[in-house]
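Student: In case it helps, our numbering puts the sequence shown at residues 65 to 752.
Calculated from the structure, these hints are not laboratory results.
Think of the CB as a built atom: it goes at the ideal place given N, C-alpha and C, for glycine as much as any other residue.
Keep in mind that the hints are not guaranteed to be accurate.
Unchecked claim - Just the calculated beta-carbon pair ranges, DEER-fashion:
(1) S244 x T444: 46 to 52 Å
(2) R475 x K588: 44 to 50 Å
(3) T444 x V179: 28 to 34 Å
(4) D407 x G735: 25 to 31 Å
(5) A741 x K533: 39 to 45 Å
Said to hold, decoys possible - Computed cross-link-like contacts, PhoX-like style, restricted to lysine-lysine with a CA-CA straight-line distance of at most 25 Å:
(6) K533 x K375
(7) K110 x K100
(8) K413 x K454
(9) K588 x K631
(10) K607 x K559
(11) K651 x K607
(12) K129 x K100
(13) K129 x K298
(14) K612 x K746
(15) K651 x K612
(16) K604 x K559
(17) K454 x K375
(18) K540 x K607
(19) K631 x K607
(20) K746 x K657
(21) K612 x K657
(22) K651 x K746
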Amino acid sequence: MSAASVQVNSPDDVRNVVLIGNAGSGKTSLFEQLLKARVAGYRGEKEDAERAAQLYLASVVAGDKQVNLLDAPGHPDFVGELRAGIRAADAAIFVISAADGVDGAATALWEECTVANLPRIIALTKLDAGHADFDAAVANIQAAFGEGVLPTHVPTMNPDGIIGNIGLLTLEEHDYASGSMVTQKLTADDSHVETYRGPLIEAIIQEAEDDGLMDRYLEGEELDTNYLLDDLMKAVATANLFPVIPVASNTGVGVEELLRLIEHGFPTPSLHPNPAATTPKGAELPTPPTDPSAPLVAQVIRTTTDPFAGKLSMVRIFSGTLTADDVLHISGHRPENDESHPDHDDEEKVGQIQVAVGTSLEPRPQAVAGEIVMLPKLTTAETSDTLSAKERPALVAAWTLPEPLLPLAIRAATRNDEDKLAGALQRLAVEDTTVRLDRGGNDQLVLWTTGQAHADLLLARLSDRYGVKVEQEELKIPLRETFIARATALGRHVKQSGGHGQYAVCNIEIEPLPRGGGFEFVDKVVGGAVPRQFIPSVEKGVKAQLEKGAFAGFPMVDVRVTLFDGKSHSVDSSDMAFQMAGSLAIKEAANAKTVALLEPLDEVTVVIGEEYLGAVMNDLTGRRGQLLGTDAAGHKAIIKALVPQLELARYAIDLRGIALGSGTFTRQFHGYELMPANLTDKYAKANG
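Assemble the whole structure, with the sequences as input and the hints as a guide.
Tutor: The structure is reproduced here in structure tokens:
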């Protein structure tokens, strides 16, 4: 297998393109066809769970341009990898299946591109499926994504499926029936050409800078094709027009047209805005220019780790020139405190610089602004960290990461696994910025993930990559106990059987406090019934028992305890005896009539397509949710509700099922409220 490469001397020699499409669209098959068209002997990569879950880099040559191709995961669990690919790229090939059309998942992916103002070409696949129809597919895409979606090519078909296409501006027919592309001028009328050519030309003219172009067109003047192509590419580069090209990801039909558009139409790195930069301490810096002579600013796009080969960092260079053996400043800062990804500022020497040539990596002495490179064995750099000149440290903010909302409670399977688990989890967190590790309120190790596919992948990595076996266990929700009625109790700890004994009696009154009231201890002892030196002992014993729980084994909160009487012995009373008495008094007062359980509630904000509003609201109500209100933003519905944490453990999975992959939500701790009596009995018995 061999691949050509280009000597990159400036950003204009590079095109960075990410392929985006939901599962089943034919995206990865198209990626493979682009490689087969330019890499001699390439036979494709094995598709497995790892390959489908990560951003994959390869390169081809189009004309005299080095094209870095990034294959981004289409599954919603791996949107962090998708956003990393969008940060690294300057344009996208957006893949849509004509057989399946635009669904909620495809809409979510398109919105990711729109937020980044990423130029896009739409590759329309699977036109050879039995019920696929080009006109219907185009109408479906235009209805979903707007009038800027316009075919620049229309398909030519035979009974077996798509065999080529016709360029609407050049009126050239590209025939792949022989196995390679043969181009000839269109000689016969085609209904698709008549349908789509006029609207395409008019849309290009509206985007053109020549105000008189429309008048000349309406007067019947034949416009210069090259002029129209140039204006089309300008509109594509500014994300105003989105060409549709019919392709066959199984045979390679349309691949040459895509490569030509990448070469001539997609923006160079110089034309795509770089992200803003600050100093590591937050002072504003000028936006890094895409200039090889400027100070270096680059960002780690993704990190892979291997127990044998070590770390490999994919890096996009925004500004400056990176040279092997440079000593760089490495800065990693998160908007929020994250124990799994602590802030750090370090200096480190770069070793070898590698670039993709086909699917292989080859060393280079240096790389310039606009390139994507691989750096082996950076010890301190993590995904989204900034690499910059040590004389001028910089920080580029990380792309927005999805909040991991699916908790997975795990424990090491054996003592040997326990010794290796902490290190393996830390390496996972370095590689995957969407992982969050949490030692829960119930002393339980919780791995927060973005969904079931993400969870399965992480467990497989622990086992296959690091040799660590873990077992899943039921997630423990941090319930609390509280008194719901006033109660009095006597705590009596008396042991007098000869010799030095133990004697302490205390009388307490317990009353509930408002939610969030915490704990109050009141001393109302008169007449020395409990000696002054032992009153703190009673309080200490009371607090110790409240922390352990007195009814169902959960910590007790929001209570006021008043010590109003007691008894002591001049010889046998002691600090420990009164601690025991205080503890026993709490136990005596706690029963099913005086104590209830509190459960934590989160404020949940759900964003879904407006068509799913009723179904999602019904589901939230079924989860004992308290609806706070709804709002609308475009075609999206926004629902706010208070939902018990007990009902949210699998919501990240369930919401996708209800909203067909398009729903998202956030959750924030709200507070504690009384649990219904029927559930109180259940959890009291289970934990008692």
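Student: Looking only at beta-carbon atoms, does the pair T444, V179 fall within the given range of 28 to 34 Å?
Tutor: holds (30 Å)
Student: Is the gap between the beta carbons of S244 and T444 within 46 to 52 Å?
Tutor: holds (49 Å)
Student: Below or equal to 25 Å on CA atoms is what counts here, so check K612 against K746.
Tutor: holds (19 Å)
Student: Next pair to validate is K746 with K657; report whether the Cα-Cα distance is within 25 Å.
Tutor: This hinted pair holds, its Cα atoms lying about 15 Å apart.
Student: For a C-alpha distance cap of 25 Å, please report whether K413 and K454 respect it.
Tutor: holds (10 Å)
Student: Are K533 and K375 close enough, with their CA atoms no more than 25 Å apart?
Tutor: Satisfied, since the Cα-Cα distance of roughly 22 Å is no more than 25 Å.
Student: Quickly compare the C-alpha distance for K129 and K298 to 25 Å and report which way the hint goes.
Tutor: holds (18 Å)
Student: K110 and K100: Cα distance at most 25 Å?
Tutor: The hint holds at about 14 Å.
Student: Taking 25 Å as the top limit, are the C-alpha atoms of K588 and K631 close enough?
Tutor: holds (14 Å)
Student: Is it true that the CA of K631 sits at most 25 Å from the CA of K607?
Tutor: OK: K631 and K607 at ~20 Å, within 25 Å.
Student: Decide if the proposed pair is consistent with the structure: K651 and K612, CA atoms, cutoff 25 Å inclusive.
Tutor: holds (11 Å)
Student: Hinted pair, alpha-carbon criterion (25 Å max): K129, K100. Please report holds or violated.
Tutor: Cα-Cα ~17 Å, so holds.
In summary, this structure violates none of the numbered hints.
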